[in-house]
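> Throw the hints in and build the complete structure from the sequences for me.
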Amino acid sequence: MAATKSQTKTRTSLSTHLLAGGAAGLAEAMCCHPLDTIKVRMQLKNSRRAAIDATAPKSFLGVGQRIVQREGIRALYKGLGAVVSGIVPKMAIRFSSFEYYKTLLANKDTGLVSTSGVFVAGLLAGTTEAVAVVTPMDVVKIRLQAQRHSTVDPMDVPKYRNAVHAAFTIVKEEGPMTLYKGVALTALRQATNQAVNFTFYQEFKRIARQMQGLDELPSYQHLILGGVSGAMGPISNAPIDTIKTRIQKATTVAGESGWSRFVTITRDIAQKEGYKAFYRGLTPRILRVAPGQAITFMVYEKVKTWIDIWNARSQHIRLPNEKYA
200 MAATKSQTKT
210 RTSLSTHLLA
220 GGAAGLAEAM
230 CCHPLDTIKV
240 RMQLKNSRRA
250 AIDATAPKSF
260 LGVGQRIVQR
270 EGIRALYKGL
280 GAVVSGIVPK
290 MAIRFSSFEY
300 YKTLLANKDT
310 GLVSTSGVFV
320 AGLLAGTTEA
330 VAVVTPMDVV
340 KIRLQAQRHS
350 TVDPMDVPKY
360 RNAVHAAFTI
370 VKEEGPMTLY
380 KGVALTALRQ
390 ATNQAVNFTF
400 YQEFKRIARQ
410 MQGLDELPSY
420 QHLILGGVSG
430 AMGPISNAPI
440 DTIKTRIQKA
450 TTVAGESGWS
460 RFVTITRDIA
470 QKEGYKAFYR
480 GLTPRILRVA
490 PGQAITFMVY
500 EKVKTWIDIW
510 NARSQHIRLP
520 NEKYA
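The sequence shown runs 200 to 524 under the numbering used here.
Misleading hints may appear alongside valid ones.
[Stated by the list, open to error] Each computed DSS-like pair below joins lysine-lysine, with the alpha-carbon atoms no more than 27 Å apart: (1) Lys371 / Lys358; (2) Lys244 / Lys471; (3) Lys475 / Lys448; (4) Lys244 / Lys358; (5) Lys448 / Lys358; (6) Lys475 / Lys244; (7) Lys471 / Lys448; (8) Lys448 / Lys244; (9) Lys371 / Lys448.
Hints are computed from structural coordinates only; laboratory data are not their basis.
So this is what it looks like as structure tokens:
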């Protein structure tokens with residue numbers, strides 16, 4: 200197995216991951232959230248019901264156009280509050296836990312991390328962020344995105360007004376554990392996403408550095424490499440994401456276990472809508488995740504570099520004062 204050198208010569212502080220990851224996540228969410236809304240609407244669409252409505256759009260562009268026409272352009276940003284409120288801890292956990300797991304898996308003598316070690320670190324980081332942040336954030340976001348009310352009609356009052364109200368209502372009506380519906384599938388999705396994402400990104404970055412003889416790549420190359428690596432995950436776990444979305448959108452049924460919900464929804468999709476339905480929304484998901492990961496890695500690397508430069512300059516400025524104190 201090829202090995203990659205540990206990315207950080209010195210241990211990067213959590214505050215650096217928090218600031219760089221938070222900035223990257225915010226930029227990604229603002230740019231790409233409309234595509235996520237379209238993806239969710241496509242995944243929740245019932246094939247038989249759509250067949251009755253001859254005017255129902257089939258493409259992701261058509262779905263987006265219909266949302267804007269019927270509900271207003273702000274409807275594309277439904278659930279954004281839930282995403283933004285979870286971005287900072289999500290990205291802090293993702294990058295800091297990934298680096299932490301890498302140190303545990305590094306060779307004790309050389310400090311190198313094998314490609315398989317990077318993959319496992321990505322799996323563990325994805326699982327960690329799924330349990331800590333992503334699952335409750337996804338439940339709230341999907342409930343908001345699934346509401347087909349107009350954001351331009353003041354008389355059309357939605358059940359959930361915003362992310363905070365949605366979370367409060369869900370907990371009040373269905374119990375706090377509802378926020379963790381689909382946690383196993385979310386963890387599986389995030390684990391596979393981050394494993395594939397980090398592995399390809401780190402390998403691409405290592406090869407690009409070697410080919411060009413650079414210690415640090417320019418931002419546009421981080422953007423390209425992040426986009427290519429980001430497209431791999433959705434292709435590998437599209438059925439998981441579709442089932443997870445259906446589970447999280449549905450209201451809780453008394454006495455129904457998580458496994459029975461999974462079996463029922465999976466069987467219903469296969470029998471009533473066909474196996475192609477498991478890949479519904481794949482195109483907008485790739486178009487959402489790939490540029491999202493491109494933006495995330497580019498902004499993260501740039502902000503992290505700025506923080507490192509700032510810290511280095513701060514230390515350099517303080518040294519003479521300490522010398523002559």
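> Could you run down the list of hints and mark each one as holding or not?
For each hint, the structure was consulted:
no.	hint	verdict
1	Lys371 / Lys358	holds (13 Å)
2	Lys244 / Lys471	holds (12 Å)
3	Lys475 / Lys448	holds (20 Å)
4	Lys244 / Lys358	holds (20 Å)
5	Lys448 / Lys358	holds (14 Å)
6	Lys475 / Lys244	holds (13 Å)
7	Lys471 / Lys448	holds (18 Å)
8	Lys448 / Lys244	holds (12 Å)
9	Lys371 / Lys448	holds (16 Å)
Hint compliance for this structure: every hint is met.
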